[in-house]
Every structure is written in C-alpha cells, then in structure tokens.
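Following the hints, complete the assembly by docking chain Y onto the known chain A.
The listed protein sequences correspond, in order, to chains A and Y.
In this text, residue positions in the first sequence follow the numbering used here: the first is 1467, and each later residue adds one.
In this text, residue positions in the second sequence follow the numbering used here: the first is 1467, and each later residue adds one.
Note that these hints are calculated values from the structure, not bench results.
Treat the hints with care, since some could be wrong.
Pairs count within a copy or across copies, as identical chains cannot be separated in the list.
[Said to hold, decoys possible] Each computed EDC-like pair below joins lysine to aspartate or glutamate, with the alpha-carbon atoms no more than 20 Å apart: (1) Lys-1478 x Glu-1602; (2) Lys-1860 x Glu-1683; (3) Lys-1860 x Asp-1835; (4) Lys-1478 x Asp-1543; (5) Lys-1478 x Asp-1604.
Please read all numbers here as calculations on a predicted model, not as lab measurements.
Protein chains: 2
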Amino acid sequence: MDSNVLSHQLSKETLHGSLTDPAIESMNLLNEIADRYPDAISMAAGRPYEEFFDVSLIHDYLEAYRDHLRDDRRMDDAGISRMLFQYGTTKGIISDLVARHLAEDENIEADPESVVVTVGFQEAMFLVLRALRASERDVLLAPTPTYVGLTGAALLTDTPVWPVRSTGNGIDLDDLAHQLERAREQGARVRACYVTPDFANPTGTSMDLPARHRLLEIAAAHGILLLEDNAYGLLGQDRLPTLKALDQSATVVYLGSFAKTGMPGARVGYVVADQHVAGGGLLADELSKLKGMLTVNTPPIAQAVIAGKLLRNDFSLARANARETAIYQRNLHLTLGELTRRLGAAPGVTWNAPTGGFFITVTVPFVVDDDLLEHAARDHGVLFTPMHHFYGGKDGFNQLRLSISLLTPQLIEEGVSRLAGLVTARLP
Amino acid sequence: MDSNVLSHQLSKETLHGSLTDPAIESMNLLNEIADRYPDAISMAAGRPYEEFFDVSLIHDYLEAYRDHLRDDRRMDDAGISRMLFQYGTTKGIISDLVARHLAEDENIEADPESVVVTVGFQEAMFLVLRALRASERDVLLAPTPTYVGLTGAALLTDTPVWPVRSTGNGIDLDDLAHQLERAREQGARVRACYVTPDFANPTGTSMDLPARHRLLEIAAAHGILLLEDNAYGLLGQDRLPTLKALDQSATVVYLGSFAKTGMPGARVGYVVADQHVAGGGLLADELSKLKGMLTVNTPPIAQAVIAGKLLRNDFSLARANARETAIYQRNLHLTLGELTRRLGAAPGVTWNAPTGGFFITVTVPFVVDDDLLEHAARDHGVLFTPMHHFYGGKDGFNQLRLSISLLTPQLIEEGVSRLAGLVTARLP
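Only chain A is shown next, with the shape it has when bound in the complex (with noise of 0.2 Å):
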C-alpha cells in the first residue's frame, strides 16, 4: 500500500449494533481464552464425539445418494451431476428424506414441502426470527439462560428477546403467562417463544410430559408460535415425544440440526414450518424466499452427504448414533460420579443431573466469571462455561456449564479433579 494515501477507516460506532453487543463480545472472549491456553482440558467446547469421524465415510454417502438418484428416482448421470453440481432448489433437494428421518425416529408426519434444509440450525433460527419480525411491537419470548444461537440470531434481526425463568423441568409455565399479560399491557406483539424441551444447551434440563400438553395450550391459547429446538433429543433414552409430535394446530415451528446427529462439517440443518399464510401458502414457502436472498440454497454437496447417512442407516439416526449416544451417557454418568466423589460433601456445591444432551449445570457458593475462567485454565488446566453468558451477562453468575461430548474417561477424571481443586480452593 502507498503510505501517501490515506486508508479507508471504520468505527464500531458506524457498523451495526449487535456487533458491540455483550453476548457477542463475550463469546469472542471465551474463544481467546480457550486458544490461550491448549493444554487445559476442555469441559467448555459443546462439539460432538470424533473419535468414529472417518473420511471415507464421506466419499461412502456421497455414493449412497448418487445410488439412490439413480435406482429410486430413475435418474441418469447428467441428471444427478446437475443435481450435485449446480444450483438447486431453494427448499433444499433432501426435504423428501429429511420428512422420511422424521416420521422414523421422531413421529412426526411432515409434508416434504413444509421442510426446508437450512446452513445448519442457526440460519433456520435466523430465518424464523427474519419472517417474524415485521414491526418495533414484535417480541420474543426465551427461556433464560439460552442457547447463545438464538441470542445471535435475535440480535442479527433487532428482535427483542424477553426472558422467561427457567425451572428444573424446563421453561417456568407460570412465568411465561405472565410475561404474556406483560407484553399484553406493554402493546407488544410476542410471535413466538423459543424452547428446547430435551436436554437444553446451557441447562441440560428437559421438561416432562405434562408440561409439554400445557406449554401446547398456552401457546395456542395466545396465538403466539412455539420454536423447538431439538439438536440433543436424538441422543437420549427413554425419550418423550417431541412438542412438534405433541402438536395438533400447526403452533410449533420445529428446527432441526444434523450437527450432533449427522456430520458438523456438512452444516446442514432444516426447519419444518406448516403453518398457513393467509392468502399464499406455508410459511416454509415464505422462509424459502428470505432463504433465496441470504444463500440461495444450502450447498446440495453437504445436503448429499447427510442424505447418504439416512439412506445407509433406513432413515433413522438414532441407530446410526447408538454408539455415539451410548458414549454420551457413558460420560454423563461419569461425570456425574466424578462429582459426588469430588464434590459430594462440599457445602453449597450442587449440580443438576440431566439424562441426556452434552451439559451439566453446576452450582457454587462463590462468583464464577471471566476472571474466575482464565485462573481456572492458567492455574488449574480446566475450561468451562460461565453461565452468566448465557443470561446476557445479568445472572447466573454462581453457576458453570460442564459439556461432555468430547471427553474421554481418562479427561474426565482428571478434568473433574481439577475442577474440584479448583472450587475446595474458593469454599469457605
């Protein structure tokens, strides 16, 4: 560059506002942290299982769907060339297999045209959140804490987010009525309320059957959408059905991921949205335009692959998972005992005990902040998850977030350990 010229220069002040957010600095922190110190055993990073990842199983189902272009849907090479290689259908051009893993593992009947295949969960979040959003009055509803995703996507889209309280069986029912007749006195339109009933991220709570029917009739009640997010349901046992399975007048948009369950290099998601739009058709037909304007399609190379993975395992990933599942429990019980042992008889120190899903809540008798993480790592060799990032920074600030998805016994024990000498090192 000529140094006589002067160079274009910004300010954060002229660039958008979620970009000085907190949640948005305080991920980046959290990343910088981790990068600072490697040797530190992670219980941060909620990523799944590598340990079955195997390059050749992408060539495998990129096979399985060329096989089944040509023997199910009769098509020829230049056909299934053009399916792979050109652009495609807005709508994705798996809806039909992706309905098909639906009605196997989760019974629920989804016509392929109310499905659309997204880049991974987030751009279903964020292209709900973009419909929904069409004036200052609109609102979200959230359970708190929350899936930092979702507060990405709120911020993206200038949608409000108002939290609801949390309980151990999910979100708080009576808390959500309230904020309701809240929104109601305040002139503020709430269109929908997120929610994870299986396995949440942060929490790792679920919320039991009953409270599924009543979250359905509250909803329903007040007009307004329920979100479900189900990326951990698949990988449980003894699962309840999903609220999409559970829904009988169109109240839930259903936002699926393949991260956990499929491959996270593919970052292939979907939404199923059957609700109807006066005077045109699904709402899966109005998410289809805004997804036309954001990236077009989502890459029909990483739709193949996840396509091969359901036609190789008869549409069913929860088979397809039993091992990585079975790990799963393997650790959360684990680390369940790790704690007792560790932790059982220290005062003020509890943790909840999720039956599934990646986390562990714990809770402690002192401040867990970002402060409290870098000593943990530096002095310790142990990473978790301050909670209160995951309330916006305005609580939860005596709690942390254990994942354990990518441990091994050996990192469990030894993590656990550390974690324990760290919290005896702050206890009274």
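Just chain Y, lined up with the frame of chain A:
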C-alpha cells in the same frame, strides 16, 4: 390434525416487509413461468455450463485437499477428519488457498486474515450490508439495473438502495457524484456503492480502465466503500484489473464467488475486507462475528471441494476454466451473430455486444413485461428475462436479458430464431 382444533394462522402483514416487496414476488413469478413451460428454450437461466460436470471430480477434489492437509500441513488422520467433519473456524478453513488464488489470477494481494469464506456470494453480500447498516440514515448506492441478489440482501437488512444510472461503460460516474451530493443534502449517510466492473448481471457491460480509476478516486474522496462483485471476471478475455487490484486505500470490499468458476453446488464464496476498524481488527473480523450468528461456518466439506479444485489447478481458475470460457465466448459470438442475422434489419431493435460474461441486453420498440414473457413461452417456446425485474419494476420496460451460458449452438440458433419470430410479430 384434529379438525376441532384451530390451526395457527399467519398473514403476510405480520411478516417481515421483504416478503411482500415486488422484487421478491417478481423473481418467484419468473420461476413459475419457467416451470410451467419446461420445453421452452431458456435464454433466461444464468447458470454455468453443465457439460463438464462429473461426479468423480468431487471425490478427486476431496482427495486433493486431504493430500494437501497431510503433505503440506503435516496433519495426521485424526486432524484431517476433524477438519472435514467437525465445526470449523468461522472465517473458513481455506482462506489461505483463496488468497493464493487471488494472487495468481487477479493480482490481488490479500492477507488471509482479511478473507471470510461464505455460503456463496449471497451470504457475503448480506454480511457486508448487515455490518454497514447501523442507523436509519445509512443508504447504499447501486447502479440500476442491478443484480437481484443485491436487492435481496438489502431487503433482508432493511437497507435503502439509491439507484445510480448506468452507461455502456458501467456505472454513470456523473450521476454517482450527483447522488452523493443529494445524500449530503438530505442527511443520508452513504456507506458504500455496489458495482460489478466486469460483465455485470444483467447488462453484460464492463468498465474501461480510466473509469475504474475515476470510480476509486470518487469513492476515496467521499469516504465511501466500493463493494466489488466479480462473479464473471475470470470468464473473459483481455481482462482488465479489478478495482481491488487497483485499490491503494482499502476502499474496496471484494466479493468473490466460486459459483461460476468453481462449482455452483458447493455454494462457496468469500469476501476480502481489509479495512481497519478503529479500536478493533479488520472489517473481516467483524463480518466473521456476524457470520457466527448466521451460519456459524461455511460447510467444511464444501470448502474442501473448492480447495481441491484450486490445488489441482495450481490456484488458477482462469486456466481451470479455459474450456468453459471458450464455450461462453463461442456462445456470445454465436448469439450476437444470430441476432444480426435474424434481427439486424428490424427497426428499433438493438443490443449491446459484451466481450464476456453470460448476458446480452436487447432493446425493442415495444413493451416487455411478464405478459409478453408468458406469451413468448407459450406461443414461441422461448424464455428470456424482462429487464424491468432488475429495475425493481420501475423502468426497463423495453428491454430483455438473454443468457447464453447453458446453451448449445443448436439451441442458440433455434432460440434466437424463436425470439425473432416474437419480435418481428410485434414490430409496426
């Protein structure tokens, strides 16, 4: 569904304004007409040539990238699997390879840290507009007619687009200066001007070298960014330097696409944003934060396929596309020749003569609207794109866009013959 339960109903009035914008409705209409007349010769679709698509290339490109990770980056099998299967860094896993391609083919020296790999050009455009739209005052300038993808990204981010006139030499620099003055008077803050200096969609026109220099000067003098779209530049002959290659003051945000030169089905694009943000890093870092909230990361599998194509071709997509470029050149010349042969003597019928890209603009002495398109499809068996769709329905009603990218010589001869039949029947 239980018929006694009232289904959730939505109305378009309660959905985001972009969904009822005429631009979105019109693109849907075009697709519907094309779907209804599958046997019409399509001179409408701007898709890349398909005859060289070969599914085995996907496997080969994946292997090339795998070899690169093993041999050049000394990664072991577990590391390679993790790279392809697991969540990746938000900026992308192939930024360094994209930078080498830009140096090789475009003489652009891009720091890999300034590159964000995106889900196609479209996501890159969205991220840039989302970042730059910070207040109600912020507007974008763009030549009219303009690419519908720009219109879509602007709608999603609630960004007003102020039109700037076009000439046969690209954007009208006098009108650009006029619009900048008008914005100043009205208190609007112009953040950027979108331009496609090479073979623009929809007009096919390019800017000469003096106009490129002058555009850079105007932008730098007014402190606005230029958003350079270069989807087609590599597919021409006697290529001029891009704005980014001429840029000495970080005035240009460069938006790249591998859809035409790599593989549409990978849906990989990128943005080079080397602008410094006061108190922070690069604009690319801010775009990466937004991407983390939108799609988390571009599918690593799709990135790997594009990386493999770059590696197999010594980073030159100009060379890799020599066969395709020759076909596009042949198709352009053939179409222009057929237009002369069939319509050279037709009064009031003219067209431009692009030297590259996919598109030709034809001007006729009668109204070209969607009714005419439907008539052309039904009664003449030929499809084109009425130009008013690229003017937001406000102008261009005596022009049409012809696309030459997907056709064979036989289809070009027959397509232009059918078009000539339609045109001559309308002449006085």
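Hints, verified against the model:
| no. | hint | verdict |
| --- | --- | --- |
| 1 | Lys-1478 x Glu-1602 | between (24 Å within a copy, 16 Å between copies) |
| 2 | Lys-1860 x Glu-1683 | neither (30 Å within a copy, 47 Å between copies) |
| 3 | Lys-1860 x Asp-1835 | within (11 Å within a copy, 56 Å between copies) |
| 4 | Lys-1478 x Asp-1543 | neither (51 Å within a copy, 41 Å between copies) |
| 5 | Lys-1478 x Asp-1604 | between (27 Å within a copy, 14 Å between copies) |
Checked against the numbered hints given earlier, this structure breaks hints 2, 4; the rest are met.
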